[in-house]
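2 protein chains.
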Amino acid sequence: MKQDLQHGVIEMAHGSGGRAMAELIDQLFLKHFDNQWLRQKQDHAVFQVPAGRLAMSTDSHVVSPLFFPGGDIGALSVHGTINDVAMSGARPLYLSAGFVIEEGFPLADLERVVRSMARASREAGVPVVTGDTKVVEKGNADGLYINTTGIGMVPDGIDMEPRNIQPGDRILINGSIGDHGIAILSQRENLTFDTDLQSDSQPLHTLVSAMLKSVPGIRCMRDPTRGGVAATLNELAQQTGLGMVLEESSLVISPAVQAVSELLGLDPLYIANEGKLLAFCPSGEVDKLLAAMRSHPMGQNASIIGEVQAENAGMVSLNTCFGGQRLVDWRYSDPLPRIC
Amino acid sequence: MKQDLQHGVIEMAHGSGGRAMAELIDQLFLKHFDNQWLRQKQDHAVFQVPAGRLAMSTDSHVVSPLFFPGGDIGALSVHGTINDVAMSGARPLYLSAGFVIEEGFPLADLERVVRSMARASREAGVPVVTGDTKVVEKGNADGLYINTTGIGMVPDGIDMEPRNIQPGDRILINGSIGDHGIAILSQRENLTFDTDLQSDSQPLHTLVSAMLKSVPGIRCMRDPTRGGVAATLNELAQQTGLGMVLEESSLVISPAVQAVSELLGLDPLYIANEGKLLAFCPSGEVDKLLAAMRSHPMGQNASIIGEVQAENAGMVSLNTCFGGQRLVDWRYSDPLPRIC
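Top to bottom, those sequences are chains D and Y. Going by the numbering used here, the first sequence runs without a break in its numbering and finishes at 1076. Going by the numbering used here, the second sequence runs without a break in its numbering and finishes at 1076.
One thing to keep in mind: the hints can contain errors.
No copy labels: a pair is met if it fits in one copy or bridges any two.
[What the hints assert, rightly or not] The calculated lysine to aspartate or glutamate pairs, modelled on DMTMM-like cross-linking and capped at a C-alpha distance of 25 Å, are: (1) Lys-874 - Glu-839; (2) Lys-738 - Glu-1021; (3) Lys-874 - Asp-845; (4) Lys-777 - Glu-897; (5) Lys-738 - Glu-847; (6) Lys-1024 - Glu-983; (7) Lys-777 - Glu-839; (8) Lys-949 - Glu-759.
Source of the hints: derived by calculation from the structure; they are not laboratory data.
If we strip away everything but chain D, and leave its shape as in the complex, we get:
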């Protein structure tokens, strides 16, 4: 039977393991994600791996709204997990996708999400090889949640762990901060701007690969998502027992992000990013690494934003443009829920 992808909605039957679910998988998921693994219609995928170190990461995506400037939950769920895998230095290989869908959700919206997810997966070269579909009654989910789990192989000789971080290391970022969180917020608050306010959602694995080719000795990488650069650095400062000092003048903040942040009293340092990474680099190799980042399309606006120090252990501080210094504290909560 043919599912009505234009006018139909998700029914409880689509998650029940019967014919309705098989039809939805064939006519929607398989159509867009099509690959040799999904075509086998098993509850698992099997693929060959070489001996070595495998990296695994998982992310459940509950972003609201589902569609936002510069992306949607589908593309985001691909980029988010690819980035988490890539932060280990690994080359991402395969993704799984688990959907929890609310009864009544339009099939046309689901197809729009899955099409976007499939495109993101194809463009990144990381196929979705296995999946799962669950349906919950109307009112029991906010449209759609997507879990993606990814695995990848870590190249020999690469070791990126917080414990590698040393005093004197430089902290780099591949571009502007706060774009994703502010793009989501602008949708919620119905803010409109002349400027182009877009999520920075993008897959960072090719940038990571270029960076490691240039400087294999990068100490550690992290993607500053929920809680932004501030939360990520505070967590690492706590874990390593080191201090981190940022230079405000080196932070790249777009005029639109700056404007919205001022309007709403937000600090871009705490706003989520979905296409950014922080890298800790031995000071002697920082120029080489910065050059490598800037010659990659996703790192054109890369900059050195700070330094690791033995002093002020466990703390993050900021040298302001006006010559002062202030603490960037580890907040209990992020001001923007459900941005990923």
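Dock chain Y against chain D, hints included.
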């Protein structure tokens, strides 16, 4: 700061990437799942694998209620994914866990789930090595959803795919049918019985391993979860273009499952199982396989329930106890939503 695990509830802050989330991870997830990978507090886990075939499977769990006789969403989410991985013949190695939690959910209930999940993971010898926590506003999830994704290594020489199934193959199952679905249903309908009605939720990987040791040439295995034995066999009949005939007299159905099914007009063939597998075996090896199953604690009630045939292509039928034959059709929907 200490989270109040006895009286506290989940707040939006617990999913925000700030200090509250770090505390929850440390004081609840890390406490119970504790292992070398989680202790590194990365967004990924890295581990060594040998060269070979890796199997990957994912399942989002939305079972309602969260606690039921014989299990809960925590143990189920471990067993479900271990079983999906094991059905490829693989030895499960590692799990990821992604939590979507509703604001206001009691931390005491969350700890109960996580404790159970950690116990199931320990008992199965398959650690949860990486995770993710998201919180959605009150009313946007039904307490708690858990995605688990698992990977495992397929031993050399093992190949379990539907295309291997041949006419003449025997169909085996490791015990009674319908226990999980009926146990869940009994909770929803407030049915009480003198008999002990319990979910069969259990991890099948050691049974699979014993079966493959005895008969490496098993054609294919499947766990008959949503939609039960009927949906699983219909799907395989469609995929292979073969017919499947079941013997009603060989099906094992507990008196309690039989009683509830009759009361509510349900057919146990369509009811979900969470600790059962169907195996397709060349007829010449079926006695050996049956003996191997029966000598494993999870296969003591194993039986040969049917046969594959070239006739009645794509269909499943049942030889009844009264000497008739009826079609076991592929239903559009499962009568029991959200059983896993």
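Here is what the structure says about each hint:
no., hint, in the structure
1, Lys-874 - Glu-839, "both (5 Å within a copy, 18 Å between copies)"
2, Lys-738 - Glu-1021, "neither (59 Å within a copy, 41 Å between copies)"
3, Lys-874 - Asp-845, "both (16 Å within a copy, 24 Å between copies)"
4, Lys-777 - Glu-897, "between (38 Å within a copy, 10 Å between copies)"
5, Lys-738 - Glu-847, "within (14 Å within a copy, 44 Å between copies)"
6, Lys-1024 - Glu-983, "within (20 Å within a copy, 71 Å between copies)"
7, Lys-777 - Glu-839, "within (24 Å within a copy, 36 Å between copies)"
8, Lys-949 - Glu-759, "neither (45 Å within a copy, 36 Å between copies)"
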